[in-house]
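The primary structure of each chain is shown beneath.
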Amino acid sequence: MPTSTANSATAIRAADVRVDASAPGKRRRIRSYYPTWFFIPAIALYVVFFAIPTFSSFYFSLTRWSLFDSTFIGFANFVQFFQNPQLYSSFVNTLIYAVITSGTKVVAGFFLALLLTGPVVGRGYLRAVVFFPVLISTIGVGIMFKSLLDPFHGMVNAVLGFFGLPEPGWFTDPHLALYTIAAVDVWKGVGIATLIFMAGIVAIPHEYFEAAKIDGAGGWKTLRQITIPLCRGATATVIILSLIGGLRSFEIIWVTTGGGPGFTSDVLASVIYKEYQAGFFGLSTAGNVVLFLLVTAIMVPLSYVLNRKQVEL
Amino acid sequence: MNRRRLRAWIVGVIAILVSVVVFLVPFAFVLLQAAKTPAEASNFAFSWPTRWVFFQNLRDTLTSNDGVIWRAIINSAVLTVGSVTLMVIISAMAGYVLARKKSKWGPVVNFFVLAGLIVPPAVVPTIWVLQGLKLFGTIPGMILVETTLGLSFCILLFRVFVRTIPRELDEAAVLDGAGPVRLFFQVVLPLLRPVIVTVIVVQAVFVFNDFAGPLYFLPGDQNVTVQLALYTFSGQNLSFYNQLFMAIFLVTIPPLVAYIFFNRQIVSGMTSGAIKG
Numbered sequence: 001m002p003t004s005t006a007n008s009a010t011a012i013r014a015a016d017v018r019v020d021a022s023a024p025g026k027r028r029r030i031r032s033y034y035p036t037w038f039f040i041p042a043i044a045l046y047v048v049f050f051a052i053p054t055f056s057s058f059y060f061s062l063t064r065w066s067l068f069d070s071t072f073i074g075f076a077n078f079v080q081f082f083q084n085p086q087l088y089s090s091f092v093n094t095l096i097y098a099v100i101t102s103g104t105k106v107v108a109g110f111f112l113a114l115l116l117t118g119p120v121v122g123r124g125y126l127r128a129v130v131f132f133p134v135l136i137s138t139i140g141v142g143i144m145f146k147s148l149l150d151p152f153h154g155m156v157n158a159v160l161g162f163f164g165l166p167e168p169g170w171f172t173d174p175h176l177a178l179y180t181i182a183a184v185d186v187w188k189g190v191g192i193a194t195l196i197f198m199a200g201i202v203a204i205p206h207e208y209f210e211a212a213k214i215d216g217a218g219g220w221k222t223l224r225q226i227t228i229p230l231c232r233g234a235t236a237t238v239i240i241l242s243l244i245g246g247l248r249s250f251e252i253i254w255v256t257t258g259g260g261p262g263f264t265s266d267v268l269a270s271v272i273y274k275e276y277q278a279g280f281f282g283l284s285t286a287g288n289v290v291l292f293l294l295v296t297a298i299m300v301p302l303s304y305v306l307n308r309k310q311v312e313l
Numbered sequence: 001m002n003r004r005r006l007r008a009w010i011v012g013v014i015a016i017l018v019s020v021v022v023f024l025v026p027f028a029f030v031l032l033q034a035a036k037t038p039a040e041a042s043n044f045a046f047s048w049p050t051r052w053v054f055f056q057n058l059r060d061t062l063t064s065n066d067g068v069i070w071r072a073i074i075n076s077a078v079l080t081v082g083s084v085t086l087m088v089i090i091s092a093m094a095g096y097v098l099a100r101k102k103s104k105w106g107p108v109v110n111f112f113v114l115a116g117l118i119v120p121p122a123v124v125p126t127i128w129v130l131q132g133l134k135l136f137g138t139i140p141g142m143i144l145v146e147t148t149l150g151l152s153f154c155i156l157l158f159r160v161f162v163r164t165i166p167r168e169l170d171e172a173a174v175l176d177g178a179g180p181v182r183l184f185f186q187v188v189l190p191l192l193r194p195v196i197v198t199v200i201v202v203q204a205v206f207v208f209n210d211f212a213g214p215l216y217f218l219p220g221d222q223n224v225t226v227q228l229a230l231y232t233f234s235g236q237n238l239s240f241y242n243q244l245f246m247a248i249f250l251v252t253i254p255p256l257v258a259y260i261f262f263n264r265q266i267v268s269g270m271t272s273g274a275i276k277g
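The listed protein sequences derive, respectively, from chains A and B.
Each residue of the first sequence is one higher than the one before, starting from 1 at the first, in the numbering used here.
Each residue of the second sequence is one higher than the one before, starting from 1 at the first, in the numbering used here.
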């Protein structure tokens, strides 16, 4: 957000001025009241449970590994990973899934936010009901939709059948499973996107809308020329958050299809778990490294571009 | 003006109808299934139960499989309370110093905090580390892992919030003779209350709902969490769908209660954490 950046910038400047104005002796004393050892618990946890596993994963991905001893085998794990068409398809699925869920959340979240910040009857209720799925567990949501979308007994197909429409096997059709899961993911997660967009829309100063109205701009034009450009910060946040979530997605896939039917809805995270379960720890870690590289390769340039545009605004 | 009102009504009513179908029907379905007999529940029909056996199902669900759900609820409670407490104290300390102290290390620290948000955790090497520390498969080990996973988000929130607390307050406390520890715990920490509530609610919901973490780091029946129990339950008891849905309902109650009580806090915390971070 341009405004918040400006605020914190002035805050920092004011603080500097104050420190400079005070006597040198006092300045040193005040500084020592922010002890560096306050970082130690955070750094200790971060290093032990995050940094060490992350860095050692680069080594272990190059080994045949039993958790107790490891044999160095070079890039064999990665070769196996990309030679196996099923594993390769999980790589592609991860990308498809992340793009679909993230894109849908951006569009649906934006229009829901527009609706929920506008003059509409039952706004409080609508806000609550859209956000609630965010809070309930993915496992519960997965089981719920598995029952609702069951090809034989499920309620959705019963309704479709009643109107004489086709009754697809939502989670059992190989061509459909990944997209069904993506839809459930959007159902569960669109509330966060909506919330962020709502915050972005509310932060736009009223004068802009009034000026547009005086200039005779209609609803569509106001939306395109004012709301969408001025929501860029929120859009960037939603894209970044939902892409990270999409690329790392595991729980909803595991509980609904387990990567099936066959391997058609497998993503990197589910393959990593399967390899782990089968005892191929080195191979599993290699999958984790691929996921790490994929997320970094997408997120670092993307967040750089999105944030730069924000500054230009 | 009248036309605008009419539009607000029409759009609102359509939105409410759609929301009922899309969001409320699935929840109602769970609740109705949880009140049915096993035979009726396995039909998956969206219908009123012919015989209400809600409380009997509740008792059966809590006692089935040697009361595994009950044990899971206790484990999940310990895990959630433990890791959220640690998260609040540790990241408040780090976020506070990070916001106050200007040093050349700032950008480096920021880089690592952001990395913690973006980078997917290396799961199997984490198991290896936990085993080395003799903490694998234990609740304390799981608490430390969950705490670490939440650190980045919490530190970002605390850092943003500390900036809104005037420095004069620190100076006044110091002049009154407070040491660094007292300054933080007695002066600053109480002022952080709004953001602490946000962190508690958001992270408690997250830890309570986490499935992948316990799946990797808490194998075995003894330390089962509610999400794991729900997952195993859905694999086994295919003849007791009523109990499965009762379990889903039970597991949904804590977040529901948290939502009802802290609605505003969750909303403001999520947005400030997501946008200003």
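Some clues are possibly wrong.
Example chain A residues on the side facing chain B (calculated, C-beta under 7 Å, incomplete) [unchecked claim]:
no., residue
1, W37
2, P53
3, F91
4, T117
5, V121
6, G124
7, I143
8, I201
9, I204
10, H206
11, G245
12, S284
The hints are simulated quantities; they were obtained by calculation from the structure and are not laboratory data.
From the three backbone atoms N, C-alpha and C, an ideal C-beta is built for every residue, glycine too.
What are the numbers of the hints the structure violates, in ascending order?
-> 1, 3, 4, 6, 8, 9, 10, 11
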